[in-house]
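Visitor: Line order of the protein sequences matches chains P and G. Going by the working numbering, the first sequence opens with residue 1, and the numbers climb by one from there. Going by the working numbering, the second sequence opens with residue 1, and the numbers climb by one from there.
Hints may contain errors.
Below are the PhoX-like pairs computed for lysine-lysine, each with C-alpha atoms no more than 20 Å apart in a straight line [said to hold, decoys possible]: (1) G:351 to G:339; (2) G:85 to G:136; (3) G:233 to P:19; (4) G:372 to P:80; (5) G:289 to G:300; (6) G:289 to G:250; (7) G:459 to G:229; (8) G:367 to P:80; (9) G:330 to P:135; (10) P:334 to P:314; (11) P:458 to P:370; (12) P:286 to P:17.
Calculated directly from the structure, the hints in this document are not laboratory data.
Listed below, chain by chain, are the residues.
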Amino acid sequence: MSNYQKTIGIEVHVELKTKEKLFSPSINYYGNLANTNCNIIDLGYPGVLPTLNREALDLAIKGATVLNCNIREKMHFDRKNYFYPDNPKNFQITEERTPIGYEGYVEIDDDGVKKKIEILEMHIEEDTCKSIHSKERTLLDFNRAGVPLVEIVTKPCMHTSREAVLYLEKLRELLLYAGVSDCKIEEGSMRCDANISISKDDNLGVKVEVKNIGSITNVGLAIDYEAKRQEELLEKGEKLHEETRRYDAKLNKTILMRVKETGNDYRYFPEPDIPYVILTKEHIKKVQEDIPVLAHVRREKYLKAGISLLNSNKLIANKDLSDYLEEFQDINLKTASNLLLGDISAYLNKNNKSIFDTKLTKDKFSLIVKKLDDSLISNKNFKDIVVDVMERDIDIDSLLKEKGIENVVDDKLVLDIINKVLNDNEKVVSDYLGGNERSLKFLMGQVMKESHGSVNPKIANDLLIKELDKRK
Amino acid sequence: MSNYLDLDIKEIHELLVNKKIKPIDLVEESFKRINDNELNAFITLDYEGAKKRALELENMEVPTDNLLFGIPIAIKDNIMVKDLKCTCASHILENFVSIYDASVVELIKDLGMIIIGKTNMDEFAMGSTSETSYFKAPINPWNKNKVPGGSSGGSAVSVAARFTPLALGSDTGGSIRQPASFNGIVGMKPTYGRVSRFGLVAFASSLDQIGPMTRNVYENALLLNAISKGDPKDLTSFETDEDFTRLIGKDIKDMKIAIPNYFVSDVVDKDVLEVFNKVIEMLASKGCKIDYVDVNHIDKAAILYQIIAMGEASSNLARFDGIRYGLSLKEDTLEDLYKKTRTSGFGREVKRRIMVGSYILSGENAKIYYNKALQIRDDLKKSFEKIFEDYDLILGPTSSRVAYDVNINHDDPLRSFMDDILVMHANMGGFPSMSLPMGFIDELPIGMQIMGKGFSEAKIYQLGSFIEKELNLNLKVGAR
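In isolation and in its complexed conformation, chain G is listed as follows:
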């Protein structure tokens, strides 16, 4: 069996252009790898569809300016792909088949990427281990006893295990970046509005954002190039036209970097900080100007997240009622139909969040909690923007700890939020933030995040690619 999928996309592209390989070779290799490794990365696989598409592409000239042509991609199972199931890893949508393509999926199809399947995740993206999935939880390829992170766990596993070079995830409070960190890959949560949300099943509408998950920084920028586009179907999206790879390779000397003291405080495990500090030392030695700063409200992100995300989720998930689509348990009265369908259809974590969210928006609580949280969120955003007046980028670890044992979060619903206390600020402020591998702890990869002001992804890629090159980590599972 060939190993084309271990090559860089540029190299694969060369082979395709020179007709050394065909798209179908990539598809076959991808499915072989998926079938040979039981990692539960996918909920739905589309072998027939992928083969059919690969054969269609065979008859086309490979466009030399489109590096993504013919490349296999995995899509998180909360993003609509026409004619494929979209389960959101939930019983309530277990048999729901999408009748339309998400706007990002249209773009991906138009560019000739080949969709392999829909990836496993936490139910409705609620969780940070992918263990709340209604299906068999995905497994961390680096160590089968460790969680792959979440909620975009399946997408992260697919890229880390080299099933597909590319994957899409979604990030509401770290759901792209934390699994990227746990799996040794690169995951970007773009600026809010950079990528259309039309066709992404909403969890918390004001925080959700689709983003690329890839093996390296350059390929991440390529995929963001492909999916970032203003969309008349999403009023919160922006029309921007830029090449995110354009600053990659440019000198980073004199770049001004802020590190919030909170990001290197005792909320983060010591061994994670050790790895992070080495990277910072390296950057300082290469001429970056580094300061440690205080940011107002920075410790409140997890609380804000719980109020805002759950409030919005309780409303967004109300449509799953057994009346028009999805699971429907028929009962004599309307109220019993609602009750039975939703009780059986949603898992524990989802129900917990709907309950909390409903409570938070209820009567006077809306003022006490939700409206207040929106105010503080605004203040938090402003205090970060103030930092960005003086600094190019903010750095910190992605996660407070390395991938941990499976099944340990189950009895403590708050514990999983603690994973994301360093990455939720980007969602609160709408800022772009990327996680990239910064090293290993006990043979497990661990990531760092680079956050920038709105629409500064190119700069993030510039620094990220520099760090990637300097560290030169071997991120292929089993190769160490």
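Extracted from the complex, chain P is given alone in its bound form:
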């Protein structure tokens, strides 16, 4: 067993969900054709000046608030100077000296043990271009240039990969639910870097940075791999160097990118084109009051409605589904959640869609939930019609009729089916009459099978018991 202690600090970049970019009126939207969301400001043309997107400031206030940070009332932006093709002006506008949020924390719950992960600071900055490397060329997509980011930096206060993972999950949940960011790691709107060092005593060891890890799970794997790598080197008597590495998920390895040069010189100085930003106490309060209901409130509501903890967490993590559910006042949450997490999620994942981009109107969904609750349709029925429900402008009753899975509510027809089943299964019937309750379930199954699932299960069940009683 290792007698080294890991020390971990996490830096997260999160894209703010604003309509426009941080310093220009270009659209902030992921997924459009390359270089369509950019103007002369994003391209760093000569003569252009930055404006300041107030919506980004407000989202940063919300972010700082849910991370329990102090919020700075007077701040300025700074220029970070370095040459790189993805950096159009060859300086990045950031908040080096006056981060908007500072000294906060995120509380994690590690199997009932609560721990506060300390946040050093949260600052606002602009994103760079996206570089696309193809063979010998590098292409630049300026759609991302100038997208507002916040960078959230923890103190080196975590000691296990599990803590780091729990921190990131909680951080994501908090920012997602405050409406700060959509926190999609796969689209790059949340990017995680981990600083890892190991030591046998209280002094911190040599810090290695692992950059741009592709998922929260991988952050845990990367930390464990990196700590083990460092330990092996130290045990061999080798010296560690401050360096930047990346994590290769396929190989489950960290790979050297560059050795840190002594004192990176970014020639910071205050951005002269943006005057000091003053946030009044009243404004901060107003923005804070506007923070939407947070995840834990929803989670409590779900648990109270009888949804399992696992399913509650799944709903929370899939904010679109949870938001969708919020639109309903009187609905059986449990039935609704089963539907959302079952066939509907399967459909959405398969088609890579958001629930808000389907034809599942509020009216349709509440009718389906009601019909399921009243046993007017079965889960199997829904599975058969889910694609039509999601893709077509058709009301549920017409759809059921069209698909021929209208429920048989005619008692006479149901009775015929029941009696056929009873006649075909005399042995089971006598078992039931002899007191074997489980036989009822079998017979009911046969009735559903015989009717191809088209009878109302509740009505059929009542009739079945009545018919059996007659045979006593």
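Please arrange chain G on chain P, whose structure you already have, making use of the hints.
Guide: Relative to the frame of chain P, chain G by itself:
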């Protein structure tokens, strides 16, 4: 050939309103004068564009309340005019064509002024002789062996030689006022934020300001009326709405004037001081109250300028890297592309300033130099503001000397900063300051500056116009 361009703008306007002349007549005369005099005032001329615009204006009613309608104007080549080259007098932007209009250019076009071309200047506005231009340096119309000053040398020459009645310059540490002084014209550096900088290629963002260069004070106020407007695209601009001509002609009796002792010390040539002192005597005799004052930190402006302007310039000019626009010398590695493009693209003075600026911001130096300079700049601003509590305006010579021989600054990069030691304070404090002609030394014009507190341009014009009237100098080249 007619000589409409020697008339006052009011007179030209009358002729236009009464349909005695058309805008095209002014355009033709302007280009004739430019072509007849080889003064290298322009880097780019837009004859076709100007003609086209003049013909468009012909079909419009001349608005009687817009004196600037149809008047030719020259634009310094660091201000963006859509579809025209914007070279900043640099090899690195030699073939760069602007795809947008600067905010001031939009205003100028909207008011029906006609853009004749883009004027010569020091490369990226760095210099005070216009000799750092990548192109053939502009020539002082008063004496072809003398520099026209800089960096807005081409704009000053265009107005002094009566090519255009109006020009725009930019002033980071005297670049409008010093060439105005050397060319016998009026140049105003407005209050920082009075005129939008959107579309002005940044040199030192916290000091840069666009301003009007004209033949007389009244026309200067008119042009400032046209270009001063709050701009949502420039967060450092202010929305103000005033008529800068409104105090012109008002009595200046009892006006309180301060003259910093430094402005009349031995940093200024004796013959310049003689001319200046005569003007002060005249003002005293007309009832102005004049005091000589000490101003804290006043001797430090040149040092502050070198630190702040070069620090900011090193960052502002980083975008010229050969990747997106401008000169690009393709090489195998990224680093070589940067190196080769920038080494070849920038001239000596620009490279010198980028190097010094990078050094000043580097590591601990930022604290020792840049941050310290910002503090002293703040103190300097406050000490001037204290003077403005008791005085209406501050007066001094514009330049420590009259226009000097060409090619003498080349071996001494510090020498050119000395030209501007009397005018940089206005940039440091964001104050408005205007240079206007105060006399002649050996047949060369020399200017004086009037500086006021923030947003006091109207008062500066009031006193400036009074001095102009009293001195009644003949400022037409060759007419003396």
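Visitor: With the threshold set at 20 Å, check whether the alpha-carbon distance from residue 233 of chain G to residue 19 of chain P stays at or below it.
Guide: Between residue 233 of chain G and residue 19 of chain P the Cα gap is close to 18 Å, so the pair holds against 20 Å.
Visitor: Tell me if the straight-line CA distance from residue 286 of chain P to residue 17 of chain P falls inside 20 Å.
Guide: Given that 20 Å is the threshold and the Cα spacing comes to 19 Å, the pair holds.
Visitor: For residue 85 of chain G and residue 136 of chain G, compute the direct alpha-carbon distance and say whether it is at most 20 Å.
Guide: 16 Å, holds
Visitor: Given the hint that residue 458 of chain P pairs with residue 370 of chain P, test it: the Cα-Cα distance must not exceed 20 Å.
Guide: 14 Å, holds
Visitor: Next pair to validate is residue 289 of chain G with residue 250 of chain G; report whether the Cα-Cα distance is within 20 Å.
Guide: 16 Å, holds
Visitor: Decide if the proposed pair is consistent with the structure: residue 334 of chain P and residue 314 of chain P, CA atoms, cutoff 20 Å inclusive.
Guide: Within the cut-off at roughly 13 Å; holds.
Visitor: Is the Cα-Cα distance between residue 289 of chain G and residue 300 of chain G 20 Å or less?
Guide: Since the Cα atoms of residue 289 of chain G and residue 300 of chain G sit roughly 27 Å apart, the hinted pair is violated (cutoff 20 Å).
Visitor: For a C-alpha distance cap of 20 Å, please report whether residue 330 of chain G and residue 135 of chain P respect it.
Guide: 18 Å, holds
Visitor: Hint check: residue 459 of chain G vs residue 229 of chain G, CA-CA at most 20 Å. Holds or violated?
Guide: Between residue 459 of chain G and residue 229 of chain G the Cα gap is close to 19 Å, so the pair holds against 20 Å.
Visitor: Holds or violated: residue 372 of chain G with residue 80 of chain P, Cα cutoff 20 Å?
Guide: 19 Å, holds
Visitor: Has the given pair, residue 351 of chain G with residue 339 of chain G, been kept, meaning a C-alpha gap of at most 20 Å?
Guide: 12 Å, holds
Visitor: Taken at face value, is the distance from the CA of residue 80 of chain P to the CA of residue 367 of chain G at most 20 Å?
Guide: Holds - the C-alpha atoms of residue 80 of chain P and residue 367 of chain G are around 15 Å apart, at most 20 Å.
The structure fails to meet hint 5 from the earlier list, while all remaining hints are met.
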